[in-house]
Amino acid sequence: MKITLAHGSGGTSTGELIEQVFAKAYANPVLSRMEDSAVIPGASRIALTTDSFVVSPAFFPGGDLGRLAICGTVNDLLVSGAEPKYLTAGFILETGADTEDLEKIARSMAETAEEAGVMIVAGDTKVVEGKGEIFVNTAGVGFVAEGVDWRGPNCRPGDVIIVSGNLGDHHAAILSRRMGIENDILSDCAPLTDMVGALHRGGVAVRAARDVTRGGLATVLNELAAASGTRFLLEETLLPAAPAVRGLCGLLGLDPLYMGNEGKLAVVVAPEDAEKTVELLRASRYGENACRIGVVEAAEEPGVLLITELGGQRVIGPLFGEGLPRIC
Amino acid sequence: MTDVKRLTAFLREYDGPEAVLMEVCGTHTAAISENGIPALLSPKIRLVSGPGCPVCVTVAAYIDRLTELAMEPNTCVVTFGDLMRVRGSSRSLRDAEAAGGRAQMVYSPLDILSLAEKEPETTFVFAAVGFETTTPVYALLLDTLIAKDIRNVKLLTALKTMPAAIDWICEQRGGVTGFIAPGHVSVITGSDIYKPLAEKWSLPFSVAGFSGPELLYAICRLILDRGKGVVTNCYPSAVTAGGNETARARVDKYFRPCAAAWRGIGVLEDSGMELRDEYLRFDAGSRGLVTDKLAVPGCCCGKVIVGSMSPTGCPLFGKACTPQTPQGACMVSLEGSCYNYFINKRS
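Going line by line, the protein sequences match chains A and B. For the first sequence, our numbering begins at 1 and goes up steadily by one. For the second sequence, our numbering begins at 1 and goes up steadily by one.
It should be emphasised that the hints constitute simulated quantities derived from the structure, not laboratory data. Computed from a prediction, not measured in an experiment: that's the story for all the values here. Some clues are possibly wrong.
[Claimed, not checked] DSSO-like cross-link-like pairs, simulated, lysine-lysine; straight-line CA separation at most 30 Å: (1) Lys24(A) to Lys118(B); (2) Lys131(A) to Lys148(B); (3) Lys293(B) to Lys253(B); (4) Lys131(A) to Lys319(B); (5) Lys195(B) to Lys253(B); (6) Lys104(A) to Lys118(B).
[What the hints assert, rightly or not] Label pairs and their in silico Cβ distance ranges: (7) Glu272(A) to Gly318(B): 37 to 43 Å; (8) Thr312(B) to Ala226(A): 55 to 61 Å; (9) Gly250(A) to Phe10(B): 26 to 32 Å; (10) Pro243(A) to Val267(B): 44 to 50 Å; (11) Gln172(B) to Gly250(A): 33 to 39 Å; (12) Gly250(A) to Ala98(B): 30 to 36 Å.
[As the list claims (entries may be wrong)] These stretches of chain B come out as covered by chain A in the derived footprint (C-beta under 8 Å, 3 or more residues): (13) 34 to 42; (14) 207 to 220.
Ideal Cβ placement from N, Cα and C applies to all residues, glycine included.
Next up, chain A with everything else stripped away, as it sits in the complex:
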């Protein structure tokens, strides 16, 4: 098998590659849970995750590669129920890369790390021949408090599905920039620290959480439905998206359900805590558009079903193929 762009899409091809190459090579009970972070025993419980960032262009409306590299890893830790603590940063620099750009990226990483309350404690740099691009890998460690257990299999019928804001902003911003389309769309690239902290402090019964990144909400919710053997029933009229993003999607034949964000939380909570969750998220930084989008149901066949605006039904599968160019 040859590597093609589809293997970097975040959709099912990526899943297959992970399963066939990495999961096989590194197989261990922790990795095989395939959560966004590995939650492992230690002095206390530790969450560990890593992510690489290859977005092009490196500077885009609403963010840059550096901010993304911190948010991506911090958010993976947060949605595992952990409090992010330490990060490592590895740089792969192509020859011809601009040191001014590198400084901007490093500065942006430092600022975002401060905002997210994490320390970058280790790093590495390599240079390869190329066209001047910059790639970053970050790995992160977080601590999971006693009694916190946010995992896909915990979702159960009756639970309520909530997202923290508009879908597709990051993806739409990157795409607009690449295609030279002028609009006001900004990437939503941000740490979910304040929102997740509010859920912990508010004592919300969170079953599972995900940050909505590549593959979009559709892919994330399919993972949770499959992990818990349930059906996620969504209402189209409740799905939040900015008018400018909807417009861009309409123009290009895209669907906000499959567009990536970099600062949005999808969270499944106990029904009695749904209202409180929406209030807490709305009062948090970056969560002002949080809303309830659907419920979890018992079903023979797990999956995601959308009740359309017309009242029809549409099965929402995970992202197939490569979707769109890489965005993180």
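Following the hints, put chain B in place on chain A, whose structure we already have.
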């Protein structure tokens, strides 16, 4: 909303003779799935997908020529995304790319201009597939190539026109009781283009838009007009009776009607467009690409495209053939009926 409620009530409760309605256009196939329309219809109303996905109707010989070009030195094939994954008699553009060939995805044919300017020593070949809607954009591209004297861009054309294919379906099948006529194509052709077909076969045509209510209205019309050779323009905000004459004149300058090969149908007279002889310097070898030997035995794309088999009737559907491992073009394209049936679990 009241209107939508009345439409949905009518369609849900319909209990007349079975209506078999063909949506000719791939974008309609996708819009029908996106709006969840099949779940709203009475079991007496069946929607079947027609040959309106440009990628799906492209024959293997065309894909083979594209992959050949991608492997040539100093050559880059430029295409819309869907076409990258369609296999010809042995491989797809993606496969050719992984084997060292060069292919690039773009969102507009005009993107090829900046590529060509940056690399004057490379020949960029645009995979010019499409229907009446897309052909004017290729004409615009040719305008620019000539005006700017850009010589390293060529087209490999597989351009189709709709009426002959609809006529063929009417002749072959007889089961279809009405056509949801394509919205985008009709913007260029005008709704009157379906009149001769409607009259010849005594079948109703509804030119439809792409929103849920627009599609529901078009479906209602076809049920009410059963057996009548009439054309109703249900998309008057974009479609006129005469269409866009300026666009057609631009197309006519560079292209002429020709016989074209359709996957699953064969060669149909007067169902395509090719570059006129005086512009053949822009052609990358499009003529004569008619054979359709598929790599995969058992693939029923040909039958699915003309509506004589439901995607779920194909023995490969959902087994050997999924969007991850597409065996035929209908499972690759976002507008393909197999792709839409699979991802939306339509049956």
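Here is what the structure says about each hint:
1. Lys24(A) to Lys118(B): With a Cα-Cα distance of about 43 Å, the restraint between Lys24(A) and Lys118(B) is violated, given a limit of 30 Å.
2. Lys131(A) to Lys148(B): Distance of about 29 Å is within 30 Å: holds.
3. Lys293(B) to Lys253(B): Not OK: Lys293(B) and Lys253(B) at ~33 Å, beyond 30 Å, violated.
4. Lys131(A) to Lys319(B): violated (42 Å)
5. Lys195(B) to Lys253(B): Answer holds: Lys195(B) to Lys253(B) is near 26 Å, not above 30 Å.
6. Lys104(A) to Lys118(B): At roughly 28 Å apart (the allowed maximum being 30 Å), Lys118(B) and Lys104(A) satisfy the hint.
7. Glu272(A) to Gly318(B): 37 to 43 Å: holds (39 Å)
8. Thr312(B) to Ala226(A): 55 to 61 Å: violated (22 Å)
9. Gly250(A) to Phe10(B): 26 to 32 Å: Since Gly250(A) and Phe10(B) have Cβ atoms about 28 Å apart, the given range 26 to 32 Å holds.
10. Pro243(A) to Val267(B): 44 to 50 Å: Cβ of Pro243(A) to Cβ of Val267(B): about 47 Å, so the range 44 to 50 Å holds.
11. Gln172(B) to Gly250(A): 33 to 39 Å: For Gly250(A) against Gln172(B), whose Cβ atoms are near 35 Å apart, the range 33 to 39 Å holds.
12. Gly250(A) to Ala98(B): 30 to 36 Å: holds (33 Å)
13. 34 to 42: The restraint on the segment 34 to 42 of chain B holds, since 7 of its residues have a Cβ under 8 Å from chain A and three suffice.
14. 207 to 220: With 3 residues close enough to chain A, the hint holds.
The structure shown violates the earlier hints numbered 1, 3, 4, 8.
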